[in-house]
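Knowing the structure of chain A, use the given hints to seat chain B on it.
Respectively, the protein sequence lines represent chains A and B. Okay, so the first sequence: first residue is 1 according to this note's numbering, each after it adds one. Okay, so the second sequence: first residue is 1001 according to this note's numbering, each after it adds one.
Possibly wrong hints are sitting among the right ones.
Said to hold, decoys possible - Listed below are several chain A residues computed to face chain B (Cβ distance under 10 Å; list not exhaustive):
#1 131
#2 366
#3 427
#4 477
To be verified - Label pairs and their calculated CB-CB ranges:
#5 1017/B to 106/A: 57 to 65 Å
#6 1185/B to 50/A: 29 to 37 Å
#7 371/A to 1191/B: 33 to 41 Å
#8 1037/B to 130/A: 36 to 44 Å
#9 131/A to 1041/B: 51 to 59 Å
What the hints assert, rightly or not - Stretch-level coverage of chain B by chain A, calculated; a stretch enters the list once three of its residues show a Cβ under 8 Å from a Cβ in chain A:
#10 1083-1096
#11 1297-1308
#12 1341-1351
#13 1370-1377
Hints are computed from structural coordinates only; laboratory data are not their basis. Computed from a predicted model, the values in this text were never measured in an experiment. Backbone N, C-alpha and C fix where the C-beta goes; we use that ideal spot for every residue, glycine too.
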Amino acid sequence: MMKYMTWRVWLLLFFIICSLIAIQPSFSHDVLITGVDRDSVWYREGVREGQVLTSIGSIPITTSTEYQTALAAYPVTAEPRRVDIVTEEGAFIVYTNESLSFGVKAAPRTRLHLGLDLAGGARALVQPAENLDETELQDLIAITRNRLNVYGLSDVQLKGVRDADGQAFMLVEIAGATPQDLEDLIGQQGKSEALIGNVTAFSGGKEDIGGVCTRDATCAGIRQCLPVEGGYACEFQFALYFTEQAAKRHAAVTRPLGTDSTGRYLSEQLVLTVDGVEATRLSISTGLRGLETNEISISGSGTGATQDQAYKAAQEEMHRLQTILLTGSLPYKLEIVKLDTISPALGEDFVQILLLAGFVSLLGVSVVVFLRYRALKASIAILVTSFSEVIIILGAAALMGWHLDLPSIAGILATIGTGVDQQIIILDESRKRTVALGERMRRALFIVVSAFATSAASLVPLYWAGAGLFKGFMITTLLGITAGVLLSRPAFADIIGKLEEHT
Amino acid sequence: MEQSTTEHWYNKHYKHLLVLPGLLLLFSLVYLGMFYSAHGDLFLKDVSLSGGTVITVFDTDFTPTQVAEALASTFPDAHIRAISDIRTGAQKAFYVESSASAEELRPVLEALIGYSLTSINSSTEFSGAVLSQQFYRQLLQALAVAFLLMALVVFVIFSQDKTLKAWAIMLTLGSTAALLPGIRSVSTLCVLGIACAGIYGMFFGKGKRWIVFALMLFSFVLPSLVGNQFWIIGVVTGVLFGGYAYYSVPSAAVVFAAFADIVMTLVVVNLMGMHMSVGGIIALLMLIGYSVDTDILLTTRVLKERVGTVNERMWGACKTGVTMTMTAIVAVGISLVFVHSFSDTLSQIFTIMLIGLGFDLLNTWITNASILKWFVERQA
Chain A
1 MMKYMTWRVW
11 LLLFFIICSL
21 IAIQPSFSHD
31 VLITGVDRDS
41 VWYREGVREG
51 QVLTSIGSIP
61 ITTSTEYQTA
71 LAAYPVTAEP
81 RRVDIVTEEG
91 AFIVYTNESL
101 SFGVKAAPRT
111 RLHLGLDLAG
121 GARALVQPAE
131 NLDETELQDL
141 IAITRNRLNV
151 YGLSDVQLKG
161 VRDADGQAFM
171 LVEIAGATPQ
181 DLEDLIGQQG
191 KSEALIGNVT
201 AFSGGKEDIG
211 GVCTRDATCA
221 GIRQCLPVEG
231 GYACEFQFAL
241 YFTEQAAKRH
251 AAVTRPLGTD
261 STGRYLSEQL
271 VLTVDGVEAT
281 RLSISTGLRG
291 LETNEISISG
301 SGTGATQDQA
311 YKAAQEEMHR
321 LQTILLTGSL
331 PYKLEIVKLD
341 TISPALGEDF
351 VQILLLAGFV
361 SLLGVSVVVF
371 LRYRALKASI
381 AILVTSFSEV
391 IIILGAAALM
401 GWHLDLPSIA
411 GILATIGTGV
421 DQQIIILDES
431 RKRTVALGER
441 MRRALFIVVS
451 AFATSAASLV
461 PLYWAGAGLF
471 KGFMITTLLG
481 ITAGVLLSRP
491 AFADIIGKLE
501 EHT
Chain B
1001 MEQSTTEHWY
1011 NKHYKHLLVL
1021 PGLLLLFSLV
1031 YLGMFYSAHG
1041 DLFLKDVSLS
1051 GGTVITVFDT
1061 DFTPTQVAEA
1071 LASTFPDAHI
1081 RAISDIRTGA
1091 QKAFYVESSA
1101 SAEELRPVLE
1111 ALIGYSLTSI
1121 NSSTEFSGAV
1131 LSQQFYRQLL
1141 QALAVAFLLM
1151 ALVVFVIFSQ
1161 DKTLKAWAIM
1171 LTLGSTAALL
1181 PGIRSVSTLC
1191 VLGIACAGIY
1201 GMFFGKGKRW
1211 IVFALMLFSF
1221 VLPSLVGNQF
1231 WIIGVVTGVL
1241 FGGYAYYSVP
1251 SAAVVFAAFA
1261 DIVMTLVVVN
1271 LMGMHMSVGG
1281 IIALLMLIGY
1291 SVDTDILLTT
1301 RVLKERVGTV
1311 NERMWGACKT
1321 GVTMTMTAIV
1331 AVGISLVFVH
1341 SFSDTLSQIF
1351 TIMLIGLGFD
1361 LLNTWITNAS
1371 ILKWFVERQA
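Extracted from the complex, chain A is given alone in its bound form (with noise of 0.2 Å):
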């Protein structure tokens, strides 16, 4: 064995093993939690996405079969009990009725992230309404970031993306997240502004908002629902705290109005506007006219077709009135260009789909090139560099933390396929006894690098089409042909080398 290890393969030999320790592989079970619902009990009591759980009461966790255990262990019950729920960030003891409410997966057992369309979840392409500078478009996203957090989304990844023609985007990818969270937070402006008799009191954002009531069930929260024409209606109410600007403005605008028929309110309602469409009408208690206070409350409803849809849709209107009122406008008009919402469902199926195809595809391969130049330790060398590329390119992609979608799992393939080719050239140009082994050795590495510049030459374009949704088809080919030509390539012809020297 030792015959074999040239420096190149000893090189290669360390890019393997830093490429494994960059993916780091492991054996462990643990459960990690996967969504939290922000208006449960659980999210309240610091119950987050993200943690492992490691037990629920008495019962470990360890695979999702024993949280599904658990599931059953606590139904909802008619009495509050204690739940006792220990992660590895911290325990939470939790005194309620309701059944456990969050998501649970299997902890990734490496460090390779996959992306949207293998792992699930939203994204969005947006596109600002004028072409954004670097800086501007940075604000953006550091504005929309601070908007998506107020909202209480996690895991969010947000990225200035420019296409081939220079446009800006804005890449949203959030795990979990539903469309219409997206469509509701991004596709808006949030441009609002709380109208008294048509002149601004107030608008949304630091200048005149000093705080939204959120979690205090005291202080915001669904009020009551009722039945009406066509389902039910629920209504929501939440506190808004004034700067002292916004106070004295407030009073400003409500001294001069007079009252109503009923006499208990003043003559001109509140009107709040989102992106200047009506979003709620508040009357105006007559003991407001004129004083400058700190605090208002805000209602409004929400409507379905049961008695739950109606609740859950006061409690998003009230969300989402609550994050535009506190984070502000978002500083250009939006359009959401391209939505994509992916189920997980089969991305575990599908990536076992790829690893199949991928080492059949090696192995076939491994005996076309047996079946020719009938050299079985040949063709297990072209088996074992193909692999060793796959698992640097694997490596790299680790550590520079890259999402492996479906363009750079084809990327993959593609790097495949083509290092099969380069190695190929190389085991004939070895076989020729015509010329000197090293001065074969040197044609075929000619042949290689030259494929490899048109190669490089023909993907960079890709870089930049389509605002980069491509590029992980760039990066992955990239990745495996550049460590094909310098590393993996030249390891294989020290081999094919001492293998023909031996024979």
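Frame of chain A; chain B shown alone:
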């Protein structure tokens, strides 16, 4: 004896062999021209390139035929396919592709299957029509740039004349900057490349310096000259490829073979009625890489090897090259079998590559080989 007869026949008829790919290419170009006049494009496009929605429903009860029947009146353009398990063949989901929006398509599907579509039981992908058409144009521009750069690299490898190399680099980089106008880093790199090539051509080349200088200036201003007038790029490309053909026949033969691979593949794609997706265009890019590998092998062996006759060198290259293409066909074919029932995108990528690899055998070992042999014999 047998081989010498074959060799004799080949030596006598290798030029005639060019008629076969020549006719095929002529037919392909005429067919594509007619296709273009009928459809306004070189191929049919799916929603990823024309805009629309794809909804995948993880439902095993409704067959694609049932769904197609139910949607026929409301969404006549809907395309429905099943996703099935490769091991058992059982349906795991079906997907519907239509130019309609998700808001239009979803309620009709929900009414058919009888339950609400959520992010757990379905996937929805929507692309706006304007964006898709924008991406489509950009992908074609990327394909054009890829082809230009590939041709340039081949010319630089096989041409001997430093001045001509500088000319080719300047014009190609000028065209690249014009085709990717919005990317500042590309423009900067192209300007630097043009300047370096110009200086190299003026001081190390044999041609007249003022011509190199004039060409350098022209390449600098080319992006602003072009704007939306892409025909100017067409003219520059014509000049470039004409130059390759005139000054370096082997380079032109490689480029010609790659071009023929793509054109012939597109014809088969159209004959199969395939709707091209983003994946399809990526496959064409992959095809450039795959096809050029064997052409470079052939050209290097024929031009740079000094041992054996031209036929022997070509035959040696052919044995290696055919093995390469066969392994690629095996790898791609096996992958296609695995992903066929699961992913339309990957399935299309592998189908197009399989077709292209087939044509590559023809265009490398008949078209390119015959041109090369002709060239070498004329040189001798």
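So, going through the hints one by one against the coordinates:
{"no.": "1", "hint": "131", "verdict": "holds (9 Å)"}
{"no.": "2", "hint": "366", "verdict": "holds (9 Å)"}
{"no.": "3", "hint": "427", "verdict": "holds (8 Å)"}
{"no.": "4", "hint": "477", "verdict": "holds (8 Å)"}
{"no.": "5", "hint": "1017/B to 106/A: 57 to 65 Å", "verdict": "holds (59 Å)"}
{"no.": "6", "hint": "1185/B to 50/A: 29 to 37 Å", "verdict": "holds (35 Å)"}
{"no.": "7", "hint": "371/A to 1191/B: 33 to 41 Å", "verdict": "violated (51 Å)"}
{"no.": "8", "hint": "1037/B to 130/A: 36 to 44 Å", "verdict": "holds (38 Å)"}
{"no.": "9", "hint": "131/A to 1041/B: 51 to 59 Å", "verdict": "violated (27 Å)"}
{"no.": "10", "hint": "1083-1096", "verdict": "holds (count 5)"}
{"no.": "11", "hint": "1297-1308", "verdict": "holds (count 6)"}
{"no.": "12", "hint": "1341-1351", "verdict": "holds (count 5)"}
{"no.": "13", "hint": "1370-1377", "verdict": "violated (count 0)"}
Figure legend: structure checked against the earlier numbered hints; hints not met, in rising order: 7, 9, 13.
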